[in-house]
Amino acid sequence: MSAGNMRLTLKVWRQSNTNTQGGFENYNLDGVSPDMSFLEMFDILNEQLIEENKEPVAFDHDCREGICGMCSMFINGQPHGPLKGVTTCQLHMRSFQDGDTITVEPWRAGAFPVIKDLVVDRDGFDRIISAGGFVSVNTGNAQDANNLPIAKEDADDAFSAAACIGCGACVAACKNASAMLFVSAKISQLALLPQGQAERSIRAEKMVAQMDAEGFGNCTNTHACSAECPKEISFENIARMNREYLGAKVSSKAV
Amino acid sequence: MATSSRLDAKIPQGSLEDKWEKYKSSVPLVNPANKRNIEVIVVGTGLAGASAAATLAEMGYKVKAFCFQDSPRRAHSIAAQGGINAAKNYQNDGDSVHRLFYDTIKGGDYRSREANVHRLAEVSGNIIDQCVAQGVPFAREYGGLLSNRSFGGVQVQRTFYAAGQTGQQLLLGAYSGLQRQVGMGTITMYNRHEMLDVVKIDGKCRGIIARNLITGELERHSAHAVLLCTGGYGNVFYLSTNAMGSNVTAAWKAHKRGAFFANPCFTQIHPTCIPVSGEHQSKLTLMSESLRNDGRIWVPKKQNDTRAGNAIPEDERDYYLERRYPAFGNLVPRDIASRAAKERCDAGYGVGTSKLAVFLDFSAAFHRYGQGEANKNNITNASESQILEWGKAVVKEKYGNLFDMYKQITGEDPYEVPMRIYPAVHYTMGGLWVDYNLMTTVPGLYSLGEANFSDHGANRLGASALMQGLADGYFVIPITVGAYLAGEIRTGHISTDHEAFVKTEKEVKDRIEKLISIQGNTSPELFHRRLGKIMWDKCGMGRNEKGLKEAIVEIRALREEFWKDVKVMGKIGDFNPELDKANRVADFIELGELMCIDALTRNESCGGHFREEYQTEEGEALRDDENFMFVSAWEHIDSEKWELHKEDLVYDNIKIAQRSYK
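Chains as they are written, first to last, in my numbering: chain A, 373 to 627; chain B, 14 to 675.
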């Protein structure tokens with residue numbers, strides 16, 4: 373099964389760095405196997421470019437098992453490509469046809485500047501977590517883990533929200549480049565658990581404030597984010613975040 | 014035998030149960046005002062690094078943390094699936110600190126240090142408490158209490174989990190602690206930075222040289238202590254379950270600056286991974302060991318059987334683990350399960366197109382769980398297909414993400430056909446030698462988590478890597494680092510203008526310039542593949558003297574070729590992943606040689622190290638306790654030259670036996 377026979381035309385965004393203008397380059401690629409992952413197809417493209425003494429395409433990737441959130445390709449107009457609930461690294465070439473032309477771009481958002489080619493800067497997400505996406509508990513202060521029972525449904529819902537991999541596909545999918553699905557997933561996880569209650573209000577206020585400061589857009593309820601999310605994070609989280617935020621603002625003492 | 018005078022493990026006196034408690038109450042402390050003036054560098058932000066950085070910052074130290082990924086949340090701990098062990102005994106099934114300690118020593122085939130492992134077992138319960146307090150959503154029972162499952166090599170249920178994403182949830186917990194400190198200004202975070210050397214002044218580690226991977230600039234960072242939490246070196250095999258970026262560079266640079274490298278040949282081959290599908294393969298994907306709670310492993314009884322799994326009747330299936338190891342069955346430790354799979358495939362019983370695979374089958378579990386659901390709902394006349402549907406729903410809740418991943422990668426639906434699996438490189442028990450304080454042989458330079466060698470001997474038990482990473486970071490290093498830093502309160506800020514920084518930076522710069530100036534014909538990727546093939550064929554699941562000697566010659570030739578013929582595209586002062594890769598592959602090649610030397614020196618089989626010359630009649634690993642009950646700690650002397658130092662392993666508290674899971 374190793375030697376494949378798919379032929380593809382790739383239209384790939386190339387950009388030297390943040391400050392230069394980018395553009396599309398076309399590449400023809402032969403010998404693609406349907407069993408390859410999308411990134412393995414890019415490995416082959418890069419080996420071909422190196423052979424031709426051209427600079428390989430820079431793209432972010434690490435675990436290649438759909439969990440680290442590093443890979444981030446905008447494929448034929450969809451973040452992570454055509455399949456639902458699948459990251460770029462888990463997308464396989466059997467989802468494409470021989471002879472296809474595939475367009476690959478970086479995430480497009482003002483708050484995610486392009487570093488090079490398909491690589492973008494997502495540091496804004498880390499700063500949003502730093503603003504309040506945690507429970508303030510120092511190591512060594514914890515009581516026995518079973519002292520506080522948590523209803524299974526609450527734990528399961530919190531887990532579903534916590535499954536977010538922070539890849540930024542929600543931002544890339546949104547016409548407003550909104551980060552609300554990402555932010556609401558963390559706010560929801562901690563709002564659903566008893567451990568998150570003490571800082572519940574201040575967390576919502578601070579994380580939303582930081583989200584705005586980063587330049588992410590607002591939500592206009594198109595649901596593109598959750599439709600394209602590789603972990604299928606529910607849109608309900610945004611509703612919950614709005615509730616949390618409103619509740620916090622009504623009684624706000626800070627921010 | 015006697016332990017080398019160069020190795021002092023600094024194990025506290027007293028009985029095993031009291032060592033850590035007594036140590037904690039007598040270790041020197043650093044007062045809060047002094048902590049503010051003491052800087053600590055943490056390299057790597059996986060479970061060990063993130064938890065250490067967060068905790069040290071909470072205590073008041075000034076911390077700088079580094080990761081090569083674009084965010085600390087991406088470290089490969091995130092991919093750990095099955096769970097984390099802790100001796101909580103919540104299931105009332107007879108678990109205890111001693112039992113976890115004993116299982117770990119035995120699982121490691123009696124090649125780990127008693128005192129370290131006991132401490133690990135002692136703090137294991139605190140880890141779960143800490144994670145729950147952070148809001149880590151572990152799986153729970155309907156009563157609201159935490160749920161547990163079993164892992165290999167163990168007869169109790171002590172594994173805590175969050176679906177098949179336990180590593181993700183634990184890492185995000187540690188990451189949230191880290192980011193909280195970043196927000197408070199106590200940690201400075203350096204994303205997309207790679208450590209390329211250690212700086213020593215007067216014999217002490219005083220900082221690092223790091224490369225900003227976006228701009229290509231080299232940076233000098235000084236500190237009173239440096240913690241390497243940089244993970245394992247499984248990618249020396251090219252194909253492994255590690256992330257693409259996982260590398261040995263930080264540990265290897267430390268090694269070349271005087272840190273001894275311990276047991277490099279102890280690598281773990283995980284039995285249940287998705288088989289290789291072709292030449293293009295860039296990495297392998299694990300199917301969690303937790304699946305062996307419910308999945309049964311088998312091959313056809315007939316050789317070269319080409320029928321599909323479902324077409325093979327029950328009485329023509331060989332459940333070889335249940336047959337060979339009735340006491341532990343499908344839950345034998347990883348080294349044993351891997352070798353057993355290889356044995357069946359080599360003997361011609363493998364399945365799939367490559368014949369290098371065995372079946373992992375859930376049909377019995379679907380039936381069992383489905384029947385359970387029917388019983389729970391008082392349904393007595395359910396049809397077989399209804400029962401299977403219900404059973405599949407239960408399995409989906411437990412392992413849904415793993416089944417989805419399998420389907421996505423192979424194109425086959427594991428709810429309908431048995432999974433095909435084969436062993437793959439997963440974890441490295443070897444690593445930098447550390448003493449009880451987790452300090453390497455270089456004063457001020459520490460190593461935590463998978464990067465050190467300390468707790469897993471020759472084979473790690475499932476769900477123990479997460480436990481060790483967090484134990485080291487949350488509960489061990491915050492205490493033990495005080496023993497050293499208490500002596501550093503008068504040092505003051507360390508200037509990066511010191512000649513040692515200048516000289517080390519120059520050496521790093523020269524190497525990078527050399528890499529890019531060669532402009533040969535072969536990409537770093539192709540060198541990496543060739544190295545991986547040598548390692549897998551000759552230093553993989555089975556090793557022998559002839560193969561290892563050949564491998565050493567081949568690797569030396571490969572290294573020479575690399576430095577003449579590597580082709581690195583792009584520029585130095587630029588975002589350049591090819592250059593990053595070339596740097597890492599160069600270090601992997603050197604490590605590969607040492608691994609083969611270590612494997613050749615250890616004339617016994619133990620755990621994951623299986624020397625074909627040393628096996629029992631039944632094909633089990635044959636240890637030689639009389640001659641090899643020691644830790645091999647290698648000192649780097651020069652290119653192709655190492656000196657072996659031995660640390661004797663002393664077992665005062667448990668009886669040494671041949672490991673049996675029958």
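What the hints contain is simulated information worked out from the structure, not anything from laboratory work. One or more of the hints may lead you astray.
Coverage of chain A stretches by chain B, computed from C-beta distances (three or more under 8 Å per stretch; other residues unrestricted) [to be verified]:
no. : region
1   : 411-417
2   : 421-435
3   : 438-447
4   : 469-475
5   : 489-497
6   : 513-519
7   : 559-573
The beta-carbon is built from N, C-alpha and C at its ideal position, and this holds for glycine as well.
Going down the list of hints, with the structure as the test:
Proximity of the region 411-417 of chain A to chain B, defined as three or more residues with a beta carbon under 8 Å from a beta carbon of that chain, is established by the 4 residues found. With 11 residues bearing a CB less than 8 Å from a CB of chain B, the region 421-435 of chain A meets the requirement of three and the coverage assertion stands. With 5 residues carrying a beta carbon less than 8 Å from a beta carbon of chain B, the region 438-447 of chain A meets the three-residue requirement, and the given coverage holds. Residue count for the region 469-475 of chain A with a Cβ under 8 Å from a Cβ of chain B: 0. That is fewer than the three needed, and the coverage hint is violated.
Check result for the region 489-497 of chain A against chain B: holds, 5 residues qualifying (beta carbon to beta carbon below 8 Å, three or more required). Given a C-beta distance limit of less than 8 Å, the hint that chain B covers the region 513-519 of chain A holds, as 6 residues qualify and 3 suffice. With 5 residues having a beta carbon nearer than 8 Å to a beta carbon of chain B, the region 559-573 of chain A meets the requirement of three or more and the stated coverage holds.
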